[in-house]
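**Student:** Listed below are the residues making up each chain.
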Amino acid sequence: EDKVVQSPLSLVVHEGDTVTLNCSYEVTNFRSLLWYKQEKKAPTFLFMLTSSGIEKKSGRLSSILDKKELFSILNITATQTGDSAIYLCAVPVNFGNEKLTFGTGTRLTIIP
Amino acid sequence: DVKVTQSSRYLVKRTGEKVFLECVQDMDHENMFWYRQDPGLGLRLIYFSYDVKMKEKGDIPEGYSVSREKKERFSLILESASTNQTSMYLCASSGPGTGYEQYFGPGTRLTVT
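Which chain is which? The protein sequence lines are B and Z, in order. Okay, so the first sequence: first residue is 10 according to my numbering, each after it adds one. Okay, so the second sequence: first residue is 6 according to my numbering, each after it adds one.
Worth flagging that the hints you see were computed from the coordinates, not collected in a lab. Quick reminder that beta carbons are idealized off the backbone N, C-alpha and C, glycines included. A few of these clues could be false.
Using C-beta positions, here's what the derived DEER-type ranges look like [to be verified]:
no.: 1; chain 1: Z; residue 1: D64; chain 2: B; residue 2: S60; range: 24 to 34 Å
no.: 2; chain 1: B; residue 1: S71; chain 2: Z; residue 2: D64; range: 38 to 48 Å
no.: 3; chain 1: Z; residue 1: D33; chain 2: B; residue 2: S93; range: 26 to 36 Å
no.: 4; chain 1: Z; residue 1: E35; chain 2: B; residue 2: T27; range: 37 to 47 Å
no.: 5; chain 1: B; residue 1: T37; chain 2: Z; residue 2: K8; range: 31 to 41 Å
no.: 6; chain 1: Z; residue 1: K23; chain 2: B; residue 2: D11; range: 47 to 57 Å
no.: 7; chain 1: Z; residue 1: R114; chain 2: B; residue 2: D26; range: 27 to 37 Å
no.: 8; chain 1: B; residue 1: E78; chain 2: Z; residue 2: I65; range: 25 to 35 Å
no.: 9; chain 1: B; residue 1: E78; chain 2: Z; residue 2: M32; range: 29 to 39 Å
no.: 10; chain 1: B; residue 1: V21; chain 2: Z; residue 2: L46; range: 37 to 47 Å
no.: 11; chain 1: B; residue 1: K76; chain 2: Z; residue 2: R19; range: 45 to 55 Å
Simulated crosslink set (DSSO-like; lysine-lysine; CA at most 30 Å straight-line) [stated by the list, open to error]:
no.: 12; chain 1: Z; residue 1: K8; chain 2: Z; residue 2: K62
no.: 13; chain 1: Z; residue 1: K60; chain 2: B; residue 2: K46
no.: 14; chain 1: Z; residue 1: K60; chain 2: B; residue 2: K12
no.: 15; chain 1: Z; residue 1: K62; chain 2: B; residue 2: K46
no.: 16; chain 1: B; residue 1: K46; chain 2: Z; residue 2: K76
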């Protein structure tokens, strides 16, 4: 059965700290891994990773994939209160359609 | 900009009522999805549709049905609402130009009393 596991489930840090969020997966026919950020409403897309070892970066956020060890990390440096959100990791399953399996998410809270 | 809209942000219904949740997307996407989101359980797929009148069960279809009569609209139906269907419901869409990326609506928080 395809599985995506995120850790930790929740994290509370102070503004300015650096955080690392983890996502491990077990899927057949791995093609890519996606990260989303969910504040109060709809999840919004952050990154899609397909190649191992290549970092994707957007401002203070970066993510990398390890296809050998079957995991990805999302790093956020110099955290701000606006980074408080649920971070979701997902992988496509069932080749032939775009169905995604999501992890449980990590709830990140930044204290001013 | 892709826009996915959902008919209600908040909804309160009584046990046994029939509930309709509607989702509309404006990007001509083939694929549409309904998820529910519960604390500690993440997003779980209820149903999805990859074409008009086509539907497939997701991981938790029990107690739900769907309808897709037009490409832009995907409806989730709770035939007889129960308290364990109290949840956040999220709709999403994707198409050939989006890769695996799904675009989400703002969600409907449904409370069944």
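**Student:** Evaluate each hint against the coordinates.
**Tutor:** Evaluated hints:
1. Z:D64 to B:S60: 24 to 34 Å: holds, 28 Å
2. B:S71 to Z:D64: 38 to 48 Å: violated, 31 Å
3. Z:D33 to B:S93: 26 to 36 Å: holds, 34 Å
4. Z:E35 to B:T27: 37 to 47 Å: Hint holds: Cβ distance 40 Å, inside 37 to 47 Å.
5. B:T37 to Z:K8: 31 to 41 Å: holds, 34 Å
6. Z:K23 to B:D11: 47 to 57 Å: violated, 33 Å
7. Z:R114 to B:D26: 27 to 37 Å: Hint holds: Cβ distance 31 Å, inside 27 to 37 Å.
8. B:E78 to Z:I65: 25 to 35 Å: 30 Å Cβ-Cβ, so the 25 to 35 Å window holds.
9. B:E78 to Z:M32: 29 to 39 Å: holds, 36 Å
10. B:V21 to Z:L46: 37 to 47 Å: Given about 21 Å between the Cβ atoms, the range is violated.
11. B:K76 to Z:R19: 45 to 55 Å: Distance hint for B:K76, Z:R19 holds at roughly 49 Å.
12. Z:K8 to Z:K62: The hint holds at about 24 Å.
13. Z:K60 to B:K46: Holds: Z:K60 and B:K46 sit about 27 Å apart, inside 30 Å.
14. Z:K60 to B:K12: It holds: about 23 Å lies between the C-alpha atoms, which stays within 30 Å.
15. Z:K62 to B:K46: Given pair Z:K62, B:K46 holds - Cα atoms ~26 Å apart, limit 30 Å.
16. B:K46 to Z:K76: holds, 27 Å
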